[in-house]
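Residues per chain are reported as follows:
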Amino acid sequence: MSKKIRDSDPARGPQVTRRGLFKGAATVAGATVAGGLAGGYIPNALTRQALAQGDRPIKIGFQAHRTGIGATYGRWYERTTRAAVKLINESGGIAGRQIDLIIEDDGTDPKRGAEVVEKFANLHKVDVAFGTLFSHVVVGSAPRAGELKLPYFVVSEGYHVASGKLNRYVFQPGISDVRSQMTAISGWVLNNLGKNVTIIYPDYAFGYDHRDFFGAAVKAGGGKVNALIPIPPTESSFTRYFPRIPKDTDLLYHVMVGPGVLTFVKELGEHFGSNRPNLFGFIDSLEGADLGSPGLEFLEGTHFWEAIPRYAQPDDTRYQKIYRKAVGVTDDAKSVADAKDTPTYSHMFGCWETLFIIKRMMEQSGYRESTAGDKANFIETLENAHWFNEGIEHPQGPKQFNGKTHQSYARQNISKVVNRRLTRVHQTEIADSLYEPEADYTKMPL
Amino acid sequence: MDFGPYLFLALLEGMVTAFVLALTALGLSLVFGVLRIVNIAHGEFFMLGAVLAWWSVSLVGDLPLVGFILALLIGPLIVGGIAIATDWLILRRINYNPESTIVATIGLLYIIQQAVLTLYGPDARPVPAPIYFRIDFPWFGYSGYKLIVAGMSGLLILASWIALSRSKLGLYMRATQLNEEMAQAFGVPVRRIYALVFAVGAMFAAVAGVLVVPIRQADYLMGLEPLLLSFIVVIIGGLGNLKGTLVAAFLIGLTDGIISVMISPTLAKILATLLVALVLAVRPGGLFGEQEA
Chain A
16 MSKKIRDSDP
26 ARGPQVTRRG
36 LFKGAATVAG
46 ATVAGGLAGG
56 YIPNALTRQA
66 LAQGDRPIKI
76 GFQAHRTGIG
86 ATYGRWYERT
96 TRAAVKLINE
106 SGGIAGRQID
116 LIIEDDGTDP
126 KRGAEVVEKF
136 ANLHKVDVAF
146 GTLFSHVVVG
156 SAPRAGELKL
166 PYFVVSEGYH
176 VASGKLNRYV
186 FQPGISDVRS
196 QMTAISGWVL
206 NNLGKNVTII
216 YPDYAFGYDH
226 RDFFGAAVKA
236 GGGKVNALIP
246 IPPTESSFTR
256 YFPRIPKDTD
266 LLYHVMVGPG
276 VLTFVKELGE
286 HFGSNRPNLF
296 GFIDSLEGAD
306 LGSPGLEFLE
316 GTHFWEAIPR
326 YAQPDDTRYQ
336 KIYRKAVGVT
346 DDAKSVADAK
356 DTPTYSHMFG
366 CWETLFIIKR
376 MMEQSGYRES
386 TAGDKANFIE
396 TLENAHWFNE
406 GIEHPQGPKQ
416 FNGKTHQSYA
426 RQNISKVVNR
436 RLTRVHQTEI
446 ADSLYEPEAD
456 YTKMPL
Chain B
1169 MDFGPYLFLA
1179 LLEGMVTAFV
1189 LALTALGLSL
1199 VFGVLRIVNI
1209 AHGEFFMLGA
1219 VLAWWSVSLV
1229 GDLPLVGFIL
1239 ALLIGPLIVG
1249 GIAIATDWLI
1259 LRRINYNPES
1269 TIVATIGLLY
1279 IIQQAVLTLY
1289 GPDARPVPAP
1299 IYFRIDFPWF
1309 GYSGYKLIVA
1319 GMSGLLILAS
1329 WIALSRSKLG
1339 LYMRATQLNE
1349 EMAQAFGVPV
1359 RRIYALVFAV
1369 GAMFAAVAGV
1379 LVVPIRQADY
1389 LMGLEPLLLS
1399 FIVVIIGGLG
1409 NLKGTLVAAF
1419 LIGLTDGIIS
1429 VMISPTLAKI
1439 LATLLVALVL
1449 AVRPGGLFGE
1459 QEA
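As you go down the protein sequences, you meet chains A and B in turn.
Using our numbering, you'd call the opening residue of the first sequence number 16 and step up by one each time.
Using our numbering, you'd call the opening residue of the second sequence number 1169 and step up by one each time.
The set of hints was computed from the structure by calculation and includes no laboratory data.
The model shown is predicted, which means the values in this text are computed figures rather than measured ones.
Treat the hints with care, since some could be wrong.
Unchecked claim - Example chain A residues on the side facing chain B (calculated, C-beta under 10 Å, incomplete):
(1) Ile246
(2) Tyr256
(3) His286
As the list claims (entries may be wrong) - Have a look at the derived ranges for each label pair, beta carbon to beta carbon:
(4) A:Ala352 with B:Arg1302: 32 to 40 Å
(5) B:Leu1245 with A:Gly307: 46 to 54 Å
(6) A:Pro72 with B:Arg1302: 54 to 62 Å
All C-beta atoms, glycine included, are put in the ideal place defined by N, C-alpha and C.
From just these sequences and the hints, can you work out the full model?
Structure, rendered in structure tokens:
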């Protein structure tokens, strides 16, 4: 395996020999890794001097869910993105060039999403677009990005990138996908919480990922899927679905998104009372919702998947602490500005990490202009990356990147609700989350 | 779950839906009956009621019951005020023209929605129930507050029924509904009645929003579902026919409850929509409406 170094023009600063550094770092503890990353800022300082002043800024188009059902996520994605851009700009920008962030609202709507992508490419002439979350919007927008040959970084968690359904220009390096998350956690869940499983999930693409991949993991782990209960995404009342949960269910796996989630949990509590099966949920169900909300007492003692612990843990790394402060979240998982405002903590870090990856890859590939050549170099450099180390740039933890599937893989956490806050009880390794890749985007033409 | 308890749960759910729906649809029906206009922003008044309930409960702090009573007063009053302003600023200026009103109230829908998004934010925020207890049936548990909602809706419907049939205002309203010009000739202040009816209709929706918010949460997009269901109910019951509206609300509420629990919620919505189509084809005036030849 040889490191591919592109375009090593001395004016753009020295190339970081990532491979050797990261390969070692992945197995070594955080401190070593930190050293490696802190060094990453030095070339920026050099390039800043080397580059002629008056270079145009790097334009990054942020496709935000400011309105529509994704608005809660969107607001926190925007805050996180602004915090990351501020940090990058303050520490020298991208190869000495400042980031110019251009934000467009897509209304959490696939059709408008595609229009936003078009606007980014043709009107704003951005260098890259990023930030899309909801899977139906990603699926609606990504083909347009491919047609316009605009590098498009999603922070969606969906399996659509790694599945190979999208195109060469679409990446998801800042957050792991749902399939890998379930692959990682299913063993622990089946062994500790129960093997007779009923799955409640939203009746569209995102929910089907959960149904299919967790369902498969249950069977592979010697468990049994008792019932599948799909719920339409616009549903606001859930009691009517609960009679379909078979009596012998000992584990109820739930994942819901949208404004109805609190009602869902509350009605579940009313229906079952103390006589409930074990519950395991994806924190997606309660992103942006305070665990202290009325009606959520019922969740005490139940378990959740988290990408990164929402409540400060005793063993948090210093990067996690720095990140938490930068995005304005308290140790009790509330906005510093407003105690009633709860972050979407297990997703928004993806914006932060993606922006740093864009920065690194632009610097490494010697990206200058939005030309076919520079874009190709940029994409191929990213496809040749294998690790993103834990550090300030990657507070969630190290990422293993697969250039063929355009997807990152990460450590996952299982947390338990204790005294109305989430406490981590288990953390997986990256290796637990790997599956046989189904795609190879590098074979597609640029 | 066995069939008996299953059906029982379905009936409970259906009954709660029916009462809230009746309250919401009554407002829409009233406005149509008297003003002969369709208010597309009706669902947004429902949403405003819910959001104002959140606001007044969080204003009071740890006293959910006090906050809730406050919400029951403040919510409808503010929403009624907005409705009167709407009447004066918009409806009156377009002369209550049915087509223009539809477009104008679509605009109003977006204005209210976006204003709430800006001022209140995109989150679904929970409101604690003023009185909360869980009824533990042998087969399943059920929220006691849901039954209170059904009961209070019933009382409110009854009270407004009495008010409409006994009071002078009710008499004026019915007179205006029957024949506007004749009513005016007899000294009924028709324009003021219009404004008042529009406000009362909006207040019905707001009260329903306040009642419902502890069951679900307040969010800026929650107005759509009650709007659609209210339309279905009002069309089936006969436009402007209050008795028909009530019957249709129970018909739709109960079938929705039973079919969605026993079979599938999607099927329940399909059937309700089919029923609308059927009613429009066979009895265009609705089940209880005046039939035009």
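- Does the nearest C-beta of chain B fall within a distance shorter than 10 Å of the C-beta of Ile246 of chain A? Nearest chain B Cβ about 8 Å off; hint holds.
- Was the hint right that His286 of chain A lines chain B, CB cutoff 10 Å? For His286 of chain A, the interface hint holds, since the closest Cβ of chain B sits about 5 Å away, which is under 10 Å.
- Does the hinted range 32 to 40 Å hold for Ala352 of chain A and Arg1302 of chain B at CB? 36 Å, holds
- Message: Would the hint on Tyr256 of chain A be counted as holding, given a Cβ-Cβ threshold of 10 Å to chain B?
- Response: 8 Å, holds
- Message: Against the range 54 to 62 Å, how does the distance between the Cβ atoms of Pro72 of chain A and Arg1302 of chain B compare: consistent or not?
- Response: Given range 54 to 62 Å: holds, Cβ gap about 58 Å.
- Message: Just to be sure I understand the hint, the distance between the Cβ atoms of Leu1245 of chain B and Gly307 of chain A should be within 46 to 54 Å; is that true here?
- Response: At roughly 31 Å between Cβ atoms, Gly307 of chain A and Leu1245 of chain B fall outside 46 to 54 Å, so the hint is violated.
Going through the hint list in order, the structure does not satisfy hint 5, though it satisfies all others.
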